[in-house]
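Chemist: Please build the complex by placing chain B on the supplied structure of chain A, with the hints as guidance.
So the protein sequences, as listed, match chains A and B.
Position 62 (the first sequence) corresponds to 62 in this note's numbering; numbering is contiguous.
Position 63 (the second sequence) corresponds to 63 in this note's numbering; numbering is contiguous.
Simulated from the structure, these hints should not be mistaken for laboratory data.
Hints may contain errors.
[As the list claims (entries may be wrong)] Not everything, but these chain A residues come out facing chain B in the computed CB check (under 10 Å):
no.	residue
1	I103
2	I149
3	I196
4	E205
5	G263
6	Y294
7	S332
[Stated by the list, open to error] With a cut-off of at most 27 Å between alpha-carbon atoms, the simulated BS3-like pairs for lysine-lysine come out as follows:
no.	chain 1	residue 1	chain 2	residue 2
8	B	K227	A	K116
9	A	K17	B	K170
10	B	K183	B	K172
11	A	K330	B	K257
Ideal placement from N, C-alpha and C gives every residue a C-beta, glycine not left out.
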Amino acid sequence: MSNNNNIWVWIEQRNGKLMDVSLQTLGKGIELAENLAGKVAAVLIGDNVENLAKEIIGYGADNVYLVSDTSLKLYQSRAYTRIISELIALHKPDIMLMGASNIGVDLAPAVAARVKTGLTAHCSDLQIETIDGKQQLVATIPGFSGGMIVKIAWNDIKPWMATVSSGVAEKPGFDENKQGSVIKVDYEAMDEDLQIQTVEMIEKEPASMPVEGAAVVVSAGKGVKSKEEFKLIQDLAEALGAAVGGTRPARDAEWVTNDNLIGSSGKTISPKLFISIGASGAAHYTTGFMKAKYIIALDKDPSAPIFDMCDLGIQADLNEILPRLLEQLKTS
Amino acid sequence: MKIVVCIKQISDPEYFSQITLDPVTGSIQRDKIPAILNPLDENALEEGLRIKEQFSGELTVVTMGPPGAREVLDWALAMGADEAVLLSDRAFAGADTLATAYTLAEYLKTVEPDVVLCGNQTEDGATAQVAPQIAEFLNIPHVTSVGKVEFLDENTLTAIQDIEYGGYLKVKVKLPALLAVIKGINEVRDITAEGIMNASDKEFKTLGAADLETDPARVGNNGSPTKVVGTYKQEIDRQKEILTGTQEEIAAKFLQKILDANIS
Chain A
1 MSNNNNIWVW IEQRNGKLMD VSLQTLGKGI ELAENLAGKV AAVLIGDNVE
51 NLAKEIIGYG ADNVYLVSDT SLKLYQSRAY TRIISELIAL HKPDIMLMGA
101 SNIGVDLAPA VAARVKTGLT AHCSDLQIET IDGKQQLVAT IPGFSGGMIV
151 KIAWNDIKPW MATVSSGVAE KPGFDENKQG SVIKVDYEAM DEDLQIQTVE
201 MIEKEPASMP VEGAAVVVSA GKGVKSKEEF KLIQDLAEAL GAAVGGTRPA
251 RDAEWVTNDN LIGSSGKTIS PKLFISIGAS GAAHYTTGFM KAKYIIALDK
301 DPSAPIFDMC DLGIQADLNE ILPRLLEQLK TS
Chain B
1 MKIVVCIKQI SDPEYFSQIT LDPVTGSIQR DKIPAILNPL DENALEEGLR
51 IKEQFSGELT VVTMGPPGAR EVLDWALAMG ADEAVLLSDR AFAGADTLAT
101 AYTLAEYLKT VEPDVVLCGN QTEDGATAQV APQIAEFLNI PHVTSVGKVE
151 FLDENTLTAI QDIEYGGYLK VKVKLPALLA VIKGINEVRD ITAEGIMNAS
201 DKEFKTLGAA DLETDPARVG NNGSPTKVVG TYKQEIDRQK EILTGTQEEI
251 AAKFLQKILD ANIS
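So that you can see chain A by itself, here it is in the shape it has in the complex (with noise of 0.2 Å):
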């Protein structure tokens, strides 16, 4: 690594406000930048977010590279890759992070591929190793099978970069004496910026609980075939106050949408309690949980490899015990 050990973190905001994934990632980047006695910087693009500025700078970041116009209030993909690109080259970073937002995960790959260098999605960690007497920055990714973890790690091309989900890493603590310099970016249009052009943002309120944040999470997997048997996972999630989940299958039958997948292509979550229903354990789901503090699971094959990875295994039909748990939680 070079002498300065600069960390990057791209930082997204919506309306005016820093995202949580980014913040996680800020968290991640400033405990690389201390095990490599580093400095944390981070770039916010948008309109009138100086306040912004500031306020990553009370997260912890050393310095902010701040790029406003009003032309980038929204996501500019061509613009931001730009803007991104070119700080880059200028400045030389020796990591640069991302959140695993959609629009992290369209952003980070057009950085990447500009810049020329390696990309790494979704890790569920991010660490430095010494390899080969260097020290390297190393991801771990869920393997496809057996519970098996791949570690990937860049070659001599920097930034090393990597998109973040969110769950991996904590939200740093606020400091708002923490001190730091806030760049300021001169940002000029061009013409290849506006071959694309975001005109308009609608964000919402999710229409049933999310599993980021949720203290409880029940999750539906492949075994639950049936709307009746879905219901009752509803039903037991509604009755605790839990957020519901679930594998690829449940989700392509749409009883969960793209938002709760749990998983290495969905969320990772660590709540209280996770439950998993019908589920037989596939890495790329469980990678999704290991954080949880406390997991349930519940399904008809004994010898599913999930039993090995939860506290508590019920090896029956999710028919004969969910509706008999339903009734006791009632009389509760």
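Modeler: What follows is chain B alone, placed relative to chain A:
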């Protein structure tokens, strides 16, 4: 309108059960073959076919993979693609997303498509990185997580980009452009017996590194800045208590554990 749809063959037993075929068409039997077309790529192809039907033109499907990946191209031809291209070369093996996108982009540069379509992510790697990187190498705009496309005229479209929980961006794009689509964008048509019969008459070609004149330092393992440096067994430190008893007893213990876990 020149349309190219990028597709990928993936291995994922979870999805085998979802491939349904017209029983009349017995010739494409997938159940014994441990590979399928990435599900979202079917939506990309469907959207491409709809654009072709709206404006007329030519639709090509392309994949990068081993010779066996031809199967998913045959599938796409049966669904209605006009031409299929397999990018296959030992030099392409071991590619990460950057090298994959470079290779696909080198092919696409020879076609100069108006619209490139991809599935938003594959169900195996699920990085969702290749599509934006292809666009970047072609120096054209891209939109990911596209749930709806509307053409304003032959050169301009608006795309609805999903930003989770029902929120979206409305994005206006000038062609040429790349769109990476999500499941909700359309209902994929069934393959017909006629489609399968027609498929065998359509053009299919295989291109390698020499045909594309790719830079050897940018393809396959050589061109991949990220590397797997190890795999290890996930350490799981859990209580692994298994409940026994009558169903009534199990439900009662289950409830007690829920209450304990939720309070503590």
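Chemist: All the hints need checking, so say for each whether the structure fits it.
Modeler: Tested hints:
Contact between A/I103 and chain B, as hinted, is supported at the beta carbon level, the nearest pair being about 6 Å apart and thus within 10 Å. Interface hint status for A/I149: upheld, as the beta-carbon distance to the closest one in chain B is roughly 5 Å, under 10 Å. Interface hint status for A/I196: upheld, as the beta-carbon distance to the closest one in chain B is roughly 4 Å, under 10 Å. Because the smallest distance between the Cβ of A/E205 and any Cβ of chain B comes to about 7 Å, under 10 Å, the interface hint for this residue holds.
Taken as an interface hint, A/G263 checks out: its beta carbon lies about 9 Å from the nearest beta carbon of chain B, inside 10 Å. Annotation: interface hint on A/Y294 holds; nearest CB of chain B at approximately 4 Å, less than 10 Å. With its C-beta approaching chain B no nearer than about 6 Å, A/S332 sits inside the 10 Å limit, and its interface hint holds. A hinted pair counts as satisfied when its Cα atoms are at most 27 Å apart, and B/K227 with A/K116 qualifies at roughly 15 Å.
In summary, the hint linking A/K17 to B/K170 is supported, as the alpha carbons are separated by about 20 Å, within the 27 Å threshold. At most 27 Å may separate the alpha-carbon atoms for a hinted pair to count; B/K183 and B/K172 meet this at roughly 21 Å. With a C-alpha separation of about 16 Å, the suggested pair A/K330 and B/K257 falls inside the 27 Å cut-off, and the hint holds.
The structure fails none of the hints (numbered hints given earlier).
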